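> Using the hints provided, position chain B relative to the given structure of chain A.
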Amino acid sequence: MPEQRVVDADYLLLEAPRERKFITGAQAMAEAVKRANVDIAIAYPITPQSEVMHLVGDIWAQGYLKDYYRAEEEYGAMSAIAGAVRGGARAFSATSGPGLLRGLEAIASWPGHRIPAVLGVLTRVVNAPLSIQPDNVEISYLLNCGMVVLHAENQQDVFDFTLASFIISEKVDVYIPIAVCTEGFFVTHAKGYVNMTPEDMKLPPRDPYKAPVPPTDCEIPPARIQRDAPVQKSNFMSYLIHAVWQQEIWASNRRAMKYIYKYLGGPIEVVNPDAEVFVVASGCAAAQGREAVRYAQLEGLNVGLVKVKSICPFPVNEVRQVLSKAKAIIVPEHNIVGWLAKEVKAAIPNSDAVIGGPRVYGGMTLPVELIMEKVYDAFGIKKEKKVVV
Amino acid sequence: MKRYNIRIAGVGGQGVVTSAHILGNAMSAAGKYATLVPFFGSEKRMAPVEAYVRVSDQPIYEVGEVVYPNVIMIYHPQVITHGKSYTMPFYSGLKENGLAIINTDVDIVPEEDWVVLKELNTRVYMFPATKLALDIAGTELATNMAMIGLFFGITRIVGFEHIEQAVKERFLGNTFVASGGTTALDSAIEKKFKKKMELLEKNMQVIREAFKVAEERGWVEEEALTT
Numbered sequence: 001m002p003e004q005r006v007v008d009a010d011y012l013l014l015e016a017p018r019e020r021k022f023i024t025g026a027q028a029m030a031e032a033v034k035r036a037n038v039d040i041a042i043a044y045p046i047t048p049q050s051e052v053m054h055l056v057g058d059i060w061a062q063g064y065l066k067d068y069y070r071a072e073e074e075y076g077a078m079s080a081i082a083g084a085v086r087g088g089a090r091a092f093s094a095t096s097g098p099g100l101l102r103g104l105e106a107i108a109s110w111p112g113h114r115i116p117a118v119l120g121v122l123t124r125v126v127n128a129p130l131s132i133q134p135d136n137v138e139i140s141y142l143l144n145c146g147m148v149v150l151h152a153e154n155q156q157d158v159f160d161f162t163l164a165s166f167i168i169s170e171k172v173d174v175y176i177p178i179a180v181c182t183e184g185f186f187v188t189h190a191k192g193y194v195n196m197t198p199e200d201m202k203l204p205p206r207d208p209y210k211a212p213v214p215p216t217d218c219e220i221p222p223a224r225i226q227r228d229a230p231v232q233k234s235n236f237m238s239y240l241i242h243a244v245w246q247q248e249i250w251a252s253n254r255r256a257m258k259y260i261y262k263y264l265g266g267p268i269e270v271v272n273p274d275a276e277v278f279v280v281a282s283g284c285a286a287a288q289g290r291e292a293v294r295y296a297q298l299e300g301l302n303v304g305l306v307k308v309k310s311i312c313p314f315p316v317n318e319v320r321q322v323l324s325k326a327k328a329i330i331v332p333e334h335n336i337v338g339w340l341a342k343e344v345k346a347a348i349p350n351s352d353a354v355i356g357g358p359r360v361y362g363g364m365t366l367p368v369e370l371i372m373e374k375v376y377d378a379f380g381i382k383k384e385k386k387v388v389v
Numbered sequence: 001m002k003r004y005n006i007r008i009a010g011v012g013g014q015g016v017v018t019s020a021h022i023l024g025n026a027m028s029a030a031g032k033y034a035t036l037v038p039f040f041g042s043e044k045r046m047a048p049v050e051a052y053v054r055v056s057d058q059p060i061y062e063v064g065e066v067v068y069p070n071v072i073m074i075y076h077p078q079v080i081t082h083g084k085s086y087t088m089p090f091y092s093g094l095k096e097n098g099l100a101i102i103n104t105d106v107d108i109v110p111e112e113d114w115v116v117l118k119e120l121n122t123r124v125y126m127f128p129a130t131k132l133a134l135d136i137a138g139t140e141l142a143t144n145m146a147m148i149g150l151f152f153g154i155t156r157i158v159g160f161e162h163i164e165q166a167v168k169e170r171f172l173g174n175t176f177v178a179s180g181g182t183t184a185l186d187s188a189i190e191k192k193f194k195k196k197m198e199l200l201e202k203n204m205q206v207i208r209e210a211f212k213v214a215e216e217r218g219w220v221e222e223e224a225l226t227t
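Sequence lines, in order, name chains A and B.
Numbering-wise (the working numbering), the first sequence opens with residue 1 and increments by one.
Numbering-wise (the working numbering), the second sequence opens with residue 1 and increments by one.
Looking at chain A on its own, in the form it has when it is part of the complex (with noise of 0.2 Å):
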């Protein structure tokens, strides 16, 4: 491995000399971690996963990183996780479909622990029938928990976005979790171009004194929830700390948004903003969505597209202004909930426009034809069908 230096986190995210490579998904997760000075790593990998941590493991093996942890199953890799941070540490781990759920009760109590750990999450099929393939309907459990959830939409983004998420989640006024979104196969298994930053700069390390809450076992009375529950406290004191301290986890949430802004340049991405109907998207069904905007234009029909970049915190100001003369609004989504489609339909006032949909289910392909198909109904364009499916 190449000496690594420390250079200031500004200058690495956001004017350091960039490379291109063209590399997978998982490469890209595994080469942020590189860049990133990160203490440990803590997985618990078994099918479905992606290679990831295989990866991270290596870079490890170089040097890298000081630790790997190699847990015994996805709660002890997450509990470990909430461990190392609190003793100080800078912590990865990602993971993917059941072992999300898996782990999802350590992970819920990340942010209330203000634990500033980064999470991939490589999406894969949790609802039965068994498959294996890229249903992203696990990122809907996560929206609730109170950490930052991003979705990447590409190779580039998941480089982006992991390099980021460490420092925004160390900042004092976040101090929570990051979760890292992107499709398995479709992302993780697939390459693109990614421009870098050098090899040899890395982040400053966590400073655990830089936090709102001191790290271990400090005698300062918010952070000794841990040791000295409110449980053990009257209900009343119990219900009291929870409210208080979960207001201010939702309130670090939102105030991770300026961050957002500063280091992946804002929450939303919006291609054509004077379009009449728009698409909007999030992860991999946002490159679905580009090619539906170019499919538009070929057929002069004036479509636009909102890639979603940060789900929770939700931009609600940032849709609801680009929307707000939308004519329909198309929601392609990998999954059969609609989540994304439930989250634009709260944050605007003319939730009669969107349409929820097309939506696939079980990790299938999400073809551009089948967004047409509802930007044809939104145009009010009746279109013989001929194809033979």
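Rather than coming from a laboratory, the hints here were simulated on the basis of the structure.
Predicted model only: the values in this text are computed from it and were never measured.
Be careful, since some hints might not be right.
Derived DSSO-like pairs: lysine-lysine, alpha-carbon spacing no greater than 27 Å straight-line [said to hold, decoys possible]:
id : chain 1 : residue 1 : chain 2 : residue 2
1  : A       : K383      : B       : K95
2  : A       : K21       : B       : K2
3  : A       : K383      : B       : K118
4  : A       : K262      : A       : K171
5  : B       : K118      : A       : K386
6  : B       : K84       : B       : K95
7  : A       : K385      : B       : K2
8  : A       : K325      : A       : K382
9  : B       : K191      : B       : K168
10 : A       : K191      : B       : K168
11 : A       : K191      : B       : K2
12 : B       : K212      : B       : K168
13 : A       : K66       : A       : K210
14 : A       : K191      : B       : K32
15 : B       : K95       : A       : K386
16 : B       : K196      : B       : K212
17 : B       : K202      : B       : K44
18 : A       : K386      : B       : K2
19 : A       : K385      : B       : K118
20 : A       : K191      : B       : K44
21 : B       : K95       : A       : K385
22 : B       : K32       : A       : K21
23 : B       : K32       : B       : K95
24 : B       : K84       : A       : K382
25 : B       : K168      : A       : K21
26 : B       : K2        : A       : K383
27 : A       : K386      : B       : K84
28 : B       : K95       : A       : K382
29 : A       : K382      : B       : K2
30 : B       : K131      : B       : K32
Covered by chain A, according to a simulated footprint, are these stretches of chain B (three or more residues, beta-carbon under 8 Å) [said to hold, decoys possible]:
id : segment
31 : 62-75
32 : 85-97
33 : 145-154
Note that beta-carbon positions come from the ideal geometry of N, C-alpha and C, so glycine has one too.
For chain B alone, coordinates are given in the frame of chain A:
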């Protein structure tokens, strides 16, 4: 040219995935764009195999299998005659004004399928790729080369030199440095290299011949597909 979304259907052992890679690499050699998705099934000889390639002169964002192709390439007649395919019928999802290239000596498309293909205004090119491979290269393993040769011969989306570069990459990889002659290759490597060079030459001959077929039969398409 805007975009060709290609679905290749063949059987195990024909080099379906290999030729998809060569197709993609030829685009890259020409400074254009391609993405490739193989179907992950239980591949074995003579069992159905599918691969999907998207090629364009503009960046490609789309991911996943090509469900609605505008080009279908059938590498083995049994895909149609025996239904050896993941997508049945073989033209399922084919868009209007598309292209179907079928490896066969005789018309194997059933009458009712012809009705659909005509309705879709499909340009169907039947072409004895295996026969050509046997005649020129002496092996039916070069069927895939004949098929991509004909595709490029019809569409002319990259130059012959780009195809040659892609085929070279596939057969020689990065292991042989053929330039300069500064280092004498030891005899074992030389022998292996010679064999590879012969293979490469035969494959290129097949591609050249397929190009010629496209030209002689007036199949070269001036008009580009749009989506």
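> Now look at each hint and say whether the structure bears it out.
Taking the hints in turn, this is what the structure says about them:
1. A:K383 with B:K95: Answer holds: A:K383 to B:K95 is near 13 Å, not above 27 Å.
2. A:K21 with B:K2: Holds - the C-alpha atoms of B:K2 and A:K21 are around 25 Å apart, at most 27 Å.
3. A:K383 with B:K118: Given pair A:K383, B:K118 holds - Cα atoms ~18 Å apart, limit 27 Å.
4. A:K262 with A:K171: Roughly 13 Å separates the two Cα atoms, so the pair holds.
5. B:K118 with A:K386: Given pair B:K118, A:K386 holds - Cα atoms ~11 Å apart, limit 27 Å.
6. B:K84 with B:K95: 21 Å, holds
7. A:K385 with B:K2: Roughly 22 Å separates the two Cα atoms, so the pair holds.
8. A:K325 with A:K382: Given pair A:K325, A:K382 holds - Cα atoms ~23 Å apart, limit 27 Å.
9. B:K191 with B:K168: Holds, because 17 Å separates the two Cα atoms, which is no more than 27 Å.
10. A:K191 with B:K168: 22 Å, holds
11. A:K191 with B:K2: Holds, because 21 Å separates the two Cα atoms, which is no more than 27 Å.
12. B:K212 with B:K168: 21 Å, holds
13. A:K66 with A:K210: Distance ~21 Å between A:K66 and A:K210 Cα, so the pair holds.
14. A:K191 with B:K32: With Cα atoms ~16 Å apart, A:K191 and B:K32 stay inside 27 Å; holds.
15. B:K95 with A:K386: 8 Å, holds
16. B:K196 with B:K212: OK: B:K196 and B:K212 at ~24 Å, within 27 Å.
17. B:K202 with B:K44: Cα-Cα ~25 Å, so holds.
18. A:K386 with B:K2: Between A:K386 and B:K2 the Cα gap is close to 22 Å, so the pair holds against 27 Å.
19. A:K385 with B:K118: The hint holds at about 14 Å.
20. A:K191 with B:K44: 25 Å, holds
21. B:K95 with A:K385: 10 Å, holds
22. B:K32 with A:K21: 17 Å, holds
23. B:K32 with B:K95: 23 Å, holds
24. B:K84 with A:K382: 35 Å, violated
25. B:K168 with A:K21: 22 Å, holds
26. B:K2 with A:K383: 22 Å, holds
27. A:K386 with B:K84: The hint holds at about 24 Å.
28. B:K95 with A:K382: 17 Å, holds
29. A:K382 with B:K2: Since the Cα atoms of A:K382 and B:K2 sit roughly 24 Å apart, the hinted pair holds (cutoff 27 Å).
30. B:K131 with B:K32: 31 Å, violated
31. 62-75: As far as the segment 62-75 of chain B goes, the hint holds, because 6 residues have Cβ atoms under 8 Å from chain A.
32. 85-97: holds (count 7)
33. 145-154: That given contact is violated, which follows from only 0 residues of the segment 145-154 of chain B lying within Cβ reach (below 8 Å) of chain A.
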